[in-house]
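First to last, the protein sequences are chains A and B.
The numbers in our numbering rise by one with no breaks, and the one at position 138 of the first sequence is 138.
The numbers in our numbering rise by one with no breaks, and the one at position 246 of the second sequence is 246.
Treat the hints loosely; a few may be bogus.
[Said to hold, decoys possible] Here chain B is said to cover these stretches of chain A; the calculated rule only asks that three of the stretch's residues, wherever they fall, bring their Cβ under 8 Å from a Cβ of chain B:
(1) 7–20
(2) 107–116
(3) 179–185
(4) 246–254
(5) 287–298
Simulated from the structure, these hints should not be mistaken for lab results.
Ideal placement from N, C-alpha and C gives every residue a C-beta, glycine not left out.
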Amino acid sequence: MNPEVHIPGWEWYYVAMYFFIAGISAGAYFIGTLAELFGGERHREISRTGFYIAFPLILLTPPLLIADLGRPERFWHLLFYAKSGIPYMNFQSPLSVGSWALLLFGAMAFLSFLDNLVSEGKLQSAPFAKAYSRIPRKWYAVVGSIAGFFVAGYTGVILNVTARPFWVATDPLVGALFIASAASTGAAAIYLVMSWRKKLTDPGLPGFDRFDRLSKVLELVLAVALVLIAGKWAAPLLRGLNAVMFWGGAVVLGTLFPLAAGWYATRAVEGRMPPERLATVMAVLVLFGGALLRISLLQAGQVQ
Amino acid sequence: MPKGMFVDTSICTGCKACQVACKEWNALPHEPGHFRFDPVEKRPVAVNFTGDSYDNTGALGATDWRRVRFIEQFSEDRSRGRWLFSSDSCKHCNDAGCLNACPTGAIVRTGLGNVFIRQDVCIGCKYCIPSCPYGVISLSIATGTVHKCTLCNDRIHNGLGTACAKVCPTGSISFGEIAELRKAADTRLAQLKGLGYGEANIYGYKEAGGLNVFYLFLDRPQVYGQTESVVVPQRRLPVSSAVAIAGALALGGAALVSFRERGSRPEDGEEVKT
């Protein structure tokens, strides 16, 4: 641990927001895929909503990433070596592999988005629909989900694979924590959109609720474990605004409270959903907590 | 043949000629002045002093590729004292965290073993900055790219030594082929041990795959601000990735038990409406 290691100076409103939005998008996408793969038609509305969310959100992220660069106009160097113009990837750099994963995820999310439009009859072009239906939906959903897990997780691995003391001390848990948070924020986004579109009719909703709770439990366990393994190097997370954001926002409001409220509201009947108004409030809190989780872990590594 | 530098801190006098030569040859901008005229007090006031002995450079960075460290060691009653100096720079690690982290191929190793940042390729993503275990690189706001010591890339590829080694008046910094420098370092270390400097040690034979710029210290490396157990960040990448994958698999398992069970018992779901 060398405290002289420089801070990168990544701005939270670009980089942490990228982590957050890419996490929701990837989470919504892999939940949509898993629900369809394991649950079939009974979860059709959940997976459709996931695919509706993923593509628009992932479109928001490249501008955030590019805005944080010192030379934004050179962003394409991430994919092509500037000297030769041929595709470039550095396998030791999560940032390099992640750029390609983001591109792959975006492409698959686009296909799934189109598929939604076609199957809901919102996109009617006979030749297109004919050609389109030849590609099996589940195939690119699986490829996209693997890329989605990568996109959700590499953002945490990026932080761990540096020499900044706080990020070294929390190694190797941040990647897994961000994946768990991607699942809980993705599920929250799916719930909110389903509620807004008045489509909370899927018979698979109780299963979805259960998955959501399991992801929150995983997130909670990882968040606490992260502080424990960091020991004295967790100090930046235990004082000031970072502590408020991490403990108050990410842990209590973002996971603990929604878990407890959900359990309390449904304790009487197994497999019942919490009332819609409560679930909506909790989903908003989960999203809020997911953003604060990313901001606090990014900023705690950048305390001078 | 890899080239590098050997910094024998035992004969450094802290004159900072190396810092000046580095700035001159590499045309690096000067630092903010140390005095500024205060319009209220109507006299110059001191600013930008670190208060840390004679070191007002503070840290290596985009415009300071060399930094002489000053370490004041005094006994409790201040009857005995020792003043240590050490000229610090990029160590051109053989397993370089910055080079490993670079997503664009902007950071390269040349045929002489030095780590060099191609300014026309760098995009300013800043990932190399926290990836350097020594805190060497930083971003220049002026160029939007990162900078660090190049080991005088232009000079050494034209048969010259580095500017800092050239100008060093005591021979504390020497430039040459690594194998020869190591021989000289070992000889000097044996000599110092013989003179009673028991704590003397060489830093950089094994750290980060071997440092092409290595040091002879009179005290523990920590005293000179050099980290004693260097772990190149990318060596932790396999475990970090494996744990992230385990997290993804755990979620996959959670999805399997959550979604499948409900799907296989259709009669349950029918009664459940929110």
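Provide an ascending list of the numbers of those earlier hints which the structure does not satisfy. 2, 4, 5
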